[in-house]
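Participant: Given next are the chains, with one letter for each unit.
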Amino acid sequence: QTDTTAVNKIKVDYTKKGFTFSTADDNYAMHIQSQIQFRFFTPTDQSPTAFDDFSKPDETGFKIHRARLKIGGHAYKPWFKYAIQYDYARGTLLDFRVTLDRWDFFKVELGQWKTAYSRERTISSGKQQMMDRSIINRAFTIDRQTGVAFSGRVFPETLADFTYHVSVLTGTGRGATRNDDSHLMYVGRLQWNMFGRELEITGSDLKFHDKPTASLAFAAATNRSQFTRFSTSGGGNLEGYTSNAPGQYRINQGLIETAFKYRGFSWQHESHLKKITDYETNTDKTLSGYYLQAGYFFSNIADFVPAPLEVAGIFANYTPDTDFSNSYEQEYGVAFNWFFKEHRNKLTMEITRFSYKTIDNISDNQWRFRVQWDISF
Amino acid sequence: QTDTTAVNKIKVDYTKKGFTFSTADDNYAMHIQSQIQFRFFTPTDQSPTAFDDFSKPDETGFKIHRARLKIGGHAYKPWFKYAIQYDYARGTLLDFRVTLDRWDFFKVELGQWKTAYSRERTISSGKQQMMDRSIINRAFTIDRQTGVAFSGRVFPETLADFTYHVSVLTGTGRGATRNDDSHLMYVGRLQWNMFGRELEITGSDLKFHDKPTASLAFAAATNRSQFTRFSTSGGGNLEGYTSNAPGQYRINQGLIETAFKYRGFSWQHESHLKKITDYETNTDKTLSGYYLQAGYFFSNIADFVPAPLEVAGIFANYTPDTDFSNSYEQEYGVAFNWFFKEHRNKLTMEITRFSYKTIDNISDNQWRFRVQWDISF
Amino acid sequence: QTDTTAVNKIKVDYTKKGFTFSTADDNYAMHIQSQIQFRFFTPTDQSPTAFDDFSKPDETGFKIHRARLKIGGHAYKPWFKYAIQYDYARGTLLDFRVTLDRWDFFKVELGQWKTAYSRERTISSGKQQMMDRSIINRAFTIDRQTGVAFSGRVFPETLADFTYHVSVLTGTGRGATRNDDSHLMYVGRLQWNMFGRELEITGSDLKFHDKPTASLAFAAATNRSQFTRFSTSGGGNLEGYTSNAPGQYRINQGLIETAFKYRGFSWQHESHLKKITDYETNTDKTLSGYYLQAGYFFSNIADFVPAPLEVAGIFANYTPDTDFSNSYEQEYGVAFNWFFKEHRNKLTMEITRFSYKTIDNISDNQWRFRVQWDISF
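Residue numbers (our numbering), protein chains in the order written: chain A, 110 to 486; chain B, 110 to 486; chain C, 110 to 486.
Some clues are possibly wrong.
One copy or two, either will do: identical chains are not told apart, so a pair holds if it fits within one copy or between any two.
[Claimed, not checked] Under the rule of at most 30 Å between Cα atoms (straight-line distance), these lysine-lysine pairs were calculated in the BS3-like manner:
hint : residue 1 : residue 2
1    : K466      : K186
2    : K384      : K186
3    : K236      : K118
4    : K120      : K216
5    : K384      : K320
6    : K118      : K320
7    : K120      : K320
8    : K216      : K125
Think of the hints as simulated: they come from the structure by calculation, not from any bench.
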């Protein structure tokens with residue numbers, strides 16, 4: 110039962126994706142990599158999710174924030190790709206995706222992975238510019254889902270260079286083993302690669318793009334399920350929602366997103382709107398939010414700055430209920446990234462200030478300091 | 110601490126079991142493979158386990174049904190084998206088996222794995238003919254257990270060609286870390302390889318046996334524990350049993366099984382009987398069930414049928430309590446398998462009809478439609 | 110995206126750590142290994158943790174006690190090491206450690222792993238002399254923690270040959286994702302390598318040291334948290350403690366430890382003291398305990414004894430509360446180890462007698478018999 114399948118010789122390599130094995134005909138390949146994010150944090154690691162979190166006690170400490178096993182490659186044909194991402198620390202399967210990547214203009218993906226919706230969420234945790242995603246991600250992300258997606262890039266290197274994604278998903282989040290009702294989730298995303306060059310889905314301009322490269326994207330999603338938000342833990346509820354009856358909530362949401370990289374400078378921004386309809390109480394709520402993020406390698410303009418150092422900043426603003434637009438949750442962050450080996454070996458120091466105001470106009474602030482070493486091997 | 114152990118040169122290969130590494134003296138070998146089963150289902154994925162399940166709402170959706178990591182090989186000697194199967198999706202260990210495979214007539218296995226009892230359960234999920242096991246599997250399977258087994262094939266290629274298995278097990282199911290009482294589980298199985306050829310434990314006649322190959326098997330098991338059924342989740346209870354006191358139930362069960370493959374045609378069948386004694390209430394219950402399953406590659410007799418296509422069908426009948434033999438649970442299924450690359454890359458479309466009748470002679474039916482892509486790499 | 114990173118040729122090997130891949134420049138290396146411990150036990154596997162456990166019913170059975178995946182190696186530089194240990198059976202991450210191993214006299218470790226405190230706990234489960242750790246381990250171990258450690262060996266091969274460890278940890282045990290309060294755990298350990306040779310952290314003198322090698326160590330730890338003990342499951346409570354309020358307990362503890370190996374003989378001993386202050390009730394409790402353990406390959410003095418056989422014994426004494434010094438928990442154990450291939454393939458038979466006495470001077474005994482096969486591949 111170990112008869113060799115159509116292979117003369119195996120090539121072994123060390124690549125950006127770890128140790129890699131591939132057959133001579135390149136029909137089969139597999140790579141294995143692990144990743145760790147080790148953090149020190151004070152006074153706490155998690156961003157406050159509500160005003161009351163400001164009064165929580167100090168919980169200074171160290172933690173392994175992410176510990177991942179990544180196995181990927183292709184099988185049977187070079188265009189028949191797969192990617193597995195397993196969370197060692199939680200013991201959960203994050204990604205298991207099969208991609209039919211035969212044509213650039215039409216790819217088919219199936220399994221479980223991060224739905225192509227917003228740039229911030231889609232950027233891998235190991236390729237982020239800030240230490241983690243902004244406070245608005247919690248409310249607006251579609252996160253990982255189970256289903257099928259069709260995508261492609263059309264009219265490349267022209268003025269009409271677009272990347273599209275259409276996804277049909279169970280809509281009950283990561284780890285779904287069933288649907289709560291018969292409604293599926295539908296997500297669409299259209300991205301204009303305005304200079305005829307597609308921007309990679311990573312933070313920081315490590316490649317030092319010598320031609321400006323930018324994208325402008327619109328995305329929308331609709332879903333009816335028992336959940337009002339999604340995260341790595343699967344489906345859950347936003348503040349103010351407690352019940353989880355099957356099909357109780359209809360979510361309609363959309364976003365505008367921009368991104369840009371040029372000569373060590375990087376920019377990205379998203380503006381979100383999300384409407385939750387509760388069929389039990391027959392009420393609606395609308396949430397809005399946006400973030401603005403930029404980074405720069407100052408060594409480009411100042412000789413005394415070391416080349417591996419990037420400085421980045423973010424401002425995020427979240428309005429939990431647009432009917433009470435006086436209330437807000439704001440995040441101001443500054444990060445210093447030291448790239449030992451691109452995103453695969455990176456030290457980040459981050460200072461964040463949270464400023465929240467309730468609907469009763471009570472406001473409060475909190476500082477947070479974190480250091481993270483993110484290493485892939 | 111990286112001193113090389115008795116090895117000159119490592120051979121790397123891609124085999125049916127994935128990328129494979131072995132030492133020049135063949136004393137050490139390891140292979141790594143992942144498997145995914147991705148499904149679309151409507152109106153639901155799970156077979157109904159009781160009459161009331163028919164009134165459940167529609168839960169159409171996609172899911173990853175199985176996601177597995179398989180690491181195996183041998184160490185120290187070629188006959189000292191091991192096999193690990195880990196479930197990525199649940200984060201649980203399925204198999205960890207060590208086999209002393211020195212003589213065909215006497216092998217010793219230890220660890221945790223699928224007890225050799227019934228053919229349907231023993232066939233790997235990646236080598237099934239139907240999309241999944243029949244409705245009777247839930248009630249009669251012994252599933253994975255922890256313990257020791259002795260097995261072998263005697264008088265090969267004669268009229269008295271038999272394969273035997275004797276297992277001594279903790280009897281508390283997968284993931285057992287202790288026994289509930291001092292009673293162990295004992296399982297015996299005797300299989301007559303009637304044509305002097307041993308039939309492999311897989312569905313579908315992909316090998317196109319040009320000589321008829323068949324088996325007739327009997328098996329029996331006895332166990333006292335707190336459980337009335339077993340599954341991948343471990344020990345559990347059948348309908349009508351709620352308590353789980355240590356040693357509360359004695360299970361005695363037996364089966365007759367036939368299987369046959371010849372020129373693209375495959376057949377298998379099992380007839381089960383199981384008696385549950387509840388020592389708390391001093392009552393007995395007897396369950397019975399059987400299934401009949403067959404498949405054929407019609408390309409053998411009709412040129413216009415594509416060669417990778419197999420059509421298979423199943424009928425299963427389960428009597429939850431033989432004292433109420435008017436009540437039944439029946440499954441009629443038809444599956445269309447398209448083998449891109451044998452069982453390792455296979456698309457299955459399946460239509461199933463469930464027909465259940467209660468002890469009050471109320472009956473109901475349900476249709477189910479599923480598509481599954483099963484891929485190993 | 111598979112561009113090769115600085116590598117000409119990959120070396121593949123089978124070593125003591127399993128199949129190993131390394132780049133030609135030795136900047137990158139990875140090894141993969143699995144381990145299983147398979148046990149038969151009667152009447153029960155777990156050591157009694159309290160007097161009442163003696164009256165538990167017989168639970169004879171088999172189990173997989175440990176099933177581990179070990180991935181390790183180095184990346185970017187030969188001295189930039191990592192080690193991952195994942196528990197297949199529980200689906201939990203045990204170790205994820207990064208070590209900057211550039212200088213022998215100053216190493217930095219970060220992540221999650223077994224804190225350098227006591228020898229018995231630090232010895233890997235796969236390299237133990239007895240089948241498992243003694244009864245005193247439960248009360249005194251610091252176990253795995255998340256944080257940072259500094260260590261090194263100074264003045265090697267002199268009379269002042271010392272190995273030191275200083276650790277700063279979150280102090281909430283394995284799997285910590287946050288701290289319960291703002292107090293960190295601090296641990297220090299100083300080991301005198303009295304003959305100028307450092308004793309390896311393993312049981313049994315498999316190397317047949319022909320020069321006497323010994324160590325004398327002192328260690329101390331302080332922590333304030335919600336827990337009174339730690340184990341592989343994370344933080345927990347000792348008998349008599351039920352509440353888990355943040356920062357409720359201050360633990361101060363210390364130990365003296367000796368170890369010695371010479372010509373097939375091995376010795377180790379630890380004496381522990383631990384004081385728990387409960388800030389809620391403003392009460393103190395002091396626990397003490399020690400064990401003495403020795404083993405010998407009698408083939409060295411008696412020709413008729415087979416070379417792979419070692420006989421080892423242990424005596425452990427635990428005083429749950431020094432205010433009631435009449436009460437004790439004692440363990441007497443004898444183990445017979447058969448080393449097929451050093452610690453990587455080892456069969457152990459063990460007989461243990463537990464003798465416990467309550468503070469009311471009621472005493473009882475229990476025998477236990479276990480067999481274990483421990484295999485790494």
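Participant: Hint by hint, say whether it matches the structure.
Facilitator: Cross-check of the supplied hints:
1. K466 - K186: neither (55 Å within a copy, 48 Å between copies)
2. K384 - K186: neither (43 Å within a copy, 51 Å between copies)
3. K236 - K118: Result: close only across copies, 28 Å inter versus 33 Å intra.
4. K120 - K216: Result: close within a single copy only, 27 Å intra versus 35 Å inter.
5. K384 - K320: Neither. Shortest intra-copy (38 Å) and inter-copy (65 Å) distances fail the 30 Å Cα cut-off.
6. K118 - K320: neither (40 Å within a copy, 35 Å between copies)
7. K120 - K320: For K120 and K320, the Cα distance exceeds 30 Å both inside one copy (35 Å) and across copies (40 Å).
8. K216 - K125: Result: close both inside a copy and across copies, 23 Å intra and 27 Å inter.
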